[in-house]
Amino acid sequence: MRQSRLHVPHPPARPGEKPDFSYVQISAPGAVVRPDTRASALEIEQLGSEMVRVLDDQGQALGPWNPHLESEELQVGLRHMLLTRLFDDRMQRMQRQGRISFYMKSTGEEAVAVAQAMALRPGDMLFPSYRTQGLFVVRGKSLVDLMCQCLSNTHDMCRGRQMPIMYHWATGNIFSISGNLATQFPQAVGWAMAAAIKGEDHIAAAWLGEGASAEADFHHALTFAAVYQAPVILNVVNNQWAISSFQGFAGGEHRTFARRGPGYGIPGVRVDGNDFLAVYAVTQWAAERARASGGPTLIELVTYRAAAHSTSDDPSRYRPKEEWRAWPLGDPIERLKAHLLRLGDWSEERHKALEQELDQHVTACWKEAMTYGTLTEGPWLDPLTMFEDVFHEMPANLERQRAELRRLIEQRAEGGAPAHAADGRTLAGEG
Amino acid sequence: MARMNMVQAINSGLDVMLGRDPRVVVFGEDVGYFGGVFRCTDGLQRKHGEHRVLDTPIAEGGIIAAAIGMGVNGLKPVAEIQFADYIYPAFDQIVSELARLRYRTAGDFSAPVTIRTPCGGGIRGGQTHSQSPEGVFTHVCGIKVVMPSNPYDAKGLLISAIEDDDPVVFFEPKRLYNGPFDGDPHKPAVPWSTHPKAEVPDGHYTVPIGKAEIVRPGTEVTVLTYGTMVHVAESAVRLAQVDAEIIDVRSMVPLDVDTLCRSVCKTGRCVIVHEATRFSGFGAELSATVQEECFWHLEAPIARVTGWDTPYPHAFEWDYFPGPQRIVAALGSVMEAK
Numbered sequence: 010m011r012q013s014r015l016h017v018p019h020p021p022a023r024p025g026e027k028p029d030f031s032y033v034q035i036s037a038p039g040a041v042v043r044p045d046t047r048a049s050a051l052e053i054e055q056l057g058s059e060m061v062r063v064l065d066d067q068g069q070a071l072g073p074w075n076p077h078l079e080s081e082e083l084q085v086g087l088r089h090m091l092l093t094r095l096f097d098d099r100m101q102r103m104q105r106q107g108r109i110s111f112y113m114k115s116t117g118e119e120a121v122a123v124a125q126a127m128a129l130r131p132g133d134m135l136f137p138s139y140r141t142q143g144l145f146v147v148r149g150k151s152l153v154d155l156m157c158q159c160l161s162n163t164h165d166m167c168r169g170r171q172m173p174i175m176y177h178w179a180t181g182n183i184f185s186i187s188g189n190l191a192t193q194f195p196q197a198v199g200w201a202m203a204a205a206i207k208g209e210d211h212i213a214a215a216w217l218g219e220g221a222s223a224e225a226d227f228h229h230a231l232t233f234a235a236v237y238q239a240p241v242i243l244n245v246v247n248n249q250w251a252i253s254s255f256q257g258f259a260g261g262e263h264r265t266f267a268r269r270g271p272g273y274g275i276p277g278v279r280v281d282g283n284d285f286l287a288v289y290a291v292t293q294w295a296a297e298r299a300r301a302s303g304g305p306t307l308i309e310l311v312t313y314r315a316a317a318h319s320t321s322d323d324p325s326r327y328r329p330k331e332e333w334r335a336w337p338l339g340d341p342i343e344r345l346k347a348h349l350l351r352l353g354d355w356s357e358e359r360h361k362a363l364e365q366e367l368d369q370h371v372t373a374c375w376k377e378a379m380t381y382g383t384l385t386e387g388p389w390l391d392p393l394t395m396f397e398d399v400f401h402e403m404p405a406n407l408e409r410q411r412a413e414l415r416r417l418i419e420q421r422a423e424g425g426a427p428a429h430a431a432d433g434r435t436l437a438g439e440g
Numbered sequence: 005m006a007r008m009n010m011v012q013a014i015n016s017g018l019d020v021m022l023g024r025d026p027r028v029v030v031f032g033e034d035v036g037y038f039g040g041v042f043r044c045t046d047g048l049q050r051k052h053g054e055h056r057v058l059d060t061p062i063a064e065g066g067i068i069a070a071a072i073g074m075g076v077n078g079l080k081p082v083a084e085i086q087f088a089d090y091i092y093p094a095f096d097q098i099v100s101e102l103a104r105l106r107y108r109t110a111g112d113f114s115a116p117v118t119i120r121t122p123c124g125g126g127i128r129g130g131q132t133h134s135q136s137p138e139g140v141f142t143h144v145c146g147i148k149v150v151m152p153s154n155p156y157d158a159k160g161l162l163i164s165a166i167e168d169d170d171p172v173v174f175f176e177p178k179r180l181y182n183g184p185f186d187g188d189p190h191k192p193a194v195p196w197s198t199h200p201k202a203e204v205p206d207g208h209y210t211v212p213i214g215k216a217e218i219v220r221p222g223t224e225v226t227v228l229t230y231g232t233m234v235h236v237a238e239s240a241v242r243l244a245q246v247d248a249e250i251i252d253v254r255s256m257v258p259l260d261v262d263t264l265c266r267s268v269c270k271t272g273r274c275v276i277v278h279e280a281t282r283f284s285g286f287g288a289e290l291s292a293t294v295q296e297e298c299f300w301h302l303e304a305p306i307a308r309v310t311g312w313d314t315p316y317p318h319a320f321e322w323d324y325f326p327g328p329q330r331i332v333a334a335l336g337s338v339m340e341a342k
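First to last, the sequence lines map onto chains F and A.
Here the first sequence is numbered in this note's numbering, starting from 10 and rising by one per residue.
Here the second sequence is numbered in this note's numbering, starting from 5 and rising by one per residue.
Don't take each hint at face value.
To be verified - Straight-line distance between alpha carbons at most 25 Å, and here's what the computed SDA-like set of lysine to any residue pairs gives:
hint, chain 1, residue 1, chain 2, residue 2
1, A, Lys191, A, Arg7
2, A, Lys191, F, Lys27
3, F, Lys330, A, Leu48
4, A, Lys191, F, Lys330
5, A, Lys51, F, Arg416
6, A, Lys191, F, Leu414
7, F, Lys27, A, Lys51
8, F, Lys27, A, Arg7
9, F, Lys330, A, Asp46
What the hints assert, rightly or not - Covered stretches of chain A (chain F as the covering partner; in silico rule of three or more C-beta atoms under 8 Å from a C-beta of chain F):
hint, segment
10, 96-108
11, 142-153
12, 197-209
13, 220-234
14, 259-268
15, 286-299
To be verified - Per label pair, the in silico range of CB-to-CB distance:
hint, chain 1, residue 1, chain 2, residue 2, range
16, F, Gly424, A, Gly73, 33 to 43 Å
17, A, Met5, F, Arg264, 31 to 41 Å
18, F, Gly132, A, Gly73, 24 to 34 Å
19, F, Asp354, A, Gly53, 50 to 60 Å
20, F, Thr394, A, Ala304, 27 to 37 Å
21, A, Ser100, F, Glu209, 30 to 40 Å
22, F, Met10, A, Tyr209, 45 to 55 Å
23, F, Glu209, A, Phe283, 34 to 44 Å
24, A, Val261, F, Asp398, 37 to 47 Å
25, F, Pro337, A, Gly78, 38 to 48 Å
26, A, Ala193, F, Ser58, 37 to 47 Å
27, F, Thr394, A, Ala193, 45 to 55 Å
Think of the hints as simulated: they come from the structure by calculation, not from any bench.
Glycine included, every Cβ here is placed at the ideal spot set by N, Cα and C.
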């Protein structure tokens, strides 16, 4: 065969090479125009190419997108982001100690879930991805509950049926996280369509990574959202990496992810995902538009996955080890902290005290969660419960199988064999 | 000859075929630069180039559809779906397109696509990293379905699959990647190194699609199984102290009815074992075939040992997994029946 003419995307840097983020187009803080929420998608097409930013490098809030939040609210945001980070760090360590089988951190991306959840109303329905644990933190789900899910213990909201981090919270209006990518995107549109059909003013919001935007479900979501002008906010968290594939493998080489919106007739807004104020403001804009029957918005949150994809991943195999240090949009927690310091409403001492308080809180939560059982130490959930909830009412074949398992467990108990087994093995690979 | 685990054997099979046939292209999510989340394609992009070993967007439907297009245009695509649990977005492309292309065009178009995908449980992967959906694919006419249980068969069957003119879904039982597994999670993991089937030729060879293998000859009862459960069945047979003939089905479509039924006609008893759920699982097809072909030789009802008819539950993995205890019980009941 002749020489291949196929184009194959290349990330700017591989291990051992110098990190290079020159491909990330960045607007000056305060420079992007804030249009009226009733503007048509076509009129505001440039919002998909520019980058909405509020905070500058000195912690100043600039320009028309400044949401002018009260200092107390900013401090709450800082607290939620810090708590999310400390929770992540603790769970990662617990995975390394074999206490849980798997974990995924959101380090460096905390502003996405935290600022967005804060900009929405409690009645709005959230369709999370697996890296938006901050949504649960903002809505007030207790860390003990999240930890118990990761431990698959007797207080696990999923009753042992899901891997760690696949949370849900029905009364908190947060949908179930799926291990299958992008499935929640068009589901959120359906939820929003139902809200519109019922004449309610609740809106839906969904999140996925830029990598998952390659799935057909992404396109189903945008098509349905555009056709029915559904009151939904569709968020693409562009954290540059989908396991080992850089964002070019999702189509990011040729056009921003936000620019896909106008292709469907939906406004696309590109925002500095590490700028708490900008993320808040853009979400607020999209929510106001959706609530006023202005239809959907596609938001691209530009951020960086500072951590590994999961505890099964080793990013040093495919990207420069210190790449995160070169990330031009900084750390969302440091940036909001700098802003608060500049306002004079914060101090290094208070920050340190907050960190200590939250760390102690995480420790206390973990201690409590452990009392409800771990993978290796009881108390355990009754394995016979695995047959429940397959259907609303248990069919006969499952009743027979449950009876068979009961006999097997009794037989093992008589033989002295452990009724519960765990081998501490962890997942070798993860998608 | 070299000692290989299953990952290395699959890697070697891909390497051999990339080297022999310029039409072979290997691709999937994280397959190229990274070498796959299970390392099955490690080093292949470096050796064969980024135009033969490609990373893809995260879009399983797109991966299989592109594979069909490449196959129609003269290539031999080997597509990886990172976990069998993620294959469903590609289901339409596989069922409605890949499987039927030859039939609907009266042979004018076809796509010789190989789909590699890790399956099965035992790795604490929960419901999105543990499924065994092989039965779903055996129900589709026009695709072959295979599942090796050891490194030698993995490489030989993979080469056969790539060389086959028809599409093949190649299931890789991920619990076996690094060693045989006898069903007891409390024992330390055993590597492949001491297993006879870890002797793998470096170069080209094939294991034919459509041939089962008798892994343990016996006279009293036939155990039909495949994948991880071959090793679990071997362990159960030792525990039960029965002279069982264990057959590794290896190829579900096409099925080696002769080898399977010759054995059951000889032993008069049959236990079928698979990880997948029971209802409409591939065991139902095996059971029906055995009943049709061996009815007058059967001394006892055919027994099936399978996963329960629930999604794969993360916390109850070892109560869900059809381990030696359940196989021993089934062997006992089949042996007792008169």
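Each hint tested on the structure:
{"no.": "1", "hint": "A:Lys191 x A:Arg7", "verdict": "holds, 23 Å"}
{"no.": "2", "hint": "A:Lys191 x F:Lys27", "verdict": "violated, 45 Å"}
{"no.": "3", "hint": "F:Lys330 x A:Leu48", "verdict": "holds, 23 Å"}
{"no.": "4", "hint": "A:Lys191 x F:Lys330", "verdict": "violated, 36 Å"}
{"no.": "5", "hint": "A:Lys51 x F:Arg416", "verdict": "violated, 54 Å"}
{"no.": "6", "hint": "A:Lys191 x F:Leu414", "verdict": "holds, 22 Å"}
{"no.": "7", "hint": "F:Lys27 x A:Lys51", "verdict": "holds, 24 Å"}
{"no.": "8", "hint": "F:Lys27 x A:Arg7", "verdict": "violated, 38 Å"}
{"no.": "9", "hint": "F:Lys330 x A:Asp46", "verdict": "holds, 20 Å"}
{"no.": "10", "hint": "96-108", "verdict": "violated (count 0)"}
{"no.": "11", "hint": "142-153", "verdict": "violated (count 0)"}
{"no.": "12", "hint": "197-209", "verdict": "violated (count 0)"}
{"no.": "13", "hint": "220-234", "verdict": "violated (count 0)"}
{"no.": "14", "hint": "259-268", "verdict": "violated (count 0)"}
{"no.": "15", "hint": "286-299", "verdict": "violated (count 0)"}
{"no.": "16", "hint": "F:Gly424 x A:Gly73: 33 to 43 Å", "verdict": "violated, 57 Å"}
{"no.": "17", "hint": "A:Met5 x F:Arg264: 31 to 41 Å", "verdict": "violated, 51 Å"}
{"no.": "18", "hint": "F:Gly132 x A:Gly73: 24 to 34 Å", "verdict": "violated, 46 Å"}
{"no.": "19", "hint": "F:Asp354 x A:Gly53: 50 to 60 Å", "verdict": "holds, 57 Å"}
{"no.": "20", "hint": "F:Thr394 x A:Ala304: 27 to 37 Å", "verdict": "holds, 33 Å"}
{"no.": "21", "hint": "A:Ser100 x F:Glu209: 30 to 40 Å", "verdict": "holds, 38 Å"}
{"no.": "22", "hint": "F:Met10 x A:Tyr209: 45 to 55 Å", "verdict": "violated, 25 Å"}
{"no.": "23", "hint": "F:Glu209 x A:Phe283: 34 to 44 Å", "verdict": "holds, 40 Å"}
{"no.": "24", "hint": "A:Val261 x F:Asp398: 37 to 47 Å", "verdict": "holds, 39 Å"}
{"no.": "25", "hint": "F:Pro337 x A:Gly78: 38 to 48 Å", "verdict": "holds, 45 Å"}
{"no.": "26", "hint": "A:Ala193 x F:Ser58: 37 to 47 Å", "verdict": "violated, 52 Å"}
{"no.": "27", "hint": "F:Thr394 x A:Ala193: 45 to 55 Å", "verdict": "violated, 29 Å"}
In this structure, the earlier hints numbered 2, 4, 5, 8, 10, 11, 12, 13, 14, 15, 16, 17, 18, 22, 26, 27 are contradicted, and the remaining ones agree with it.
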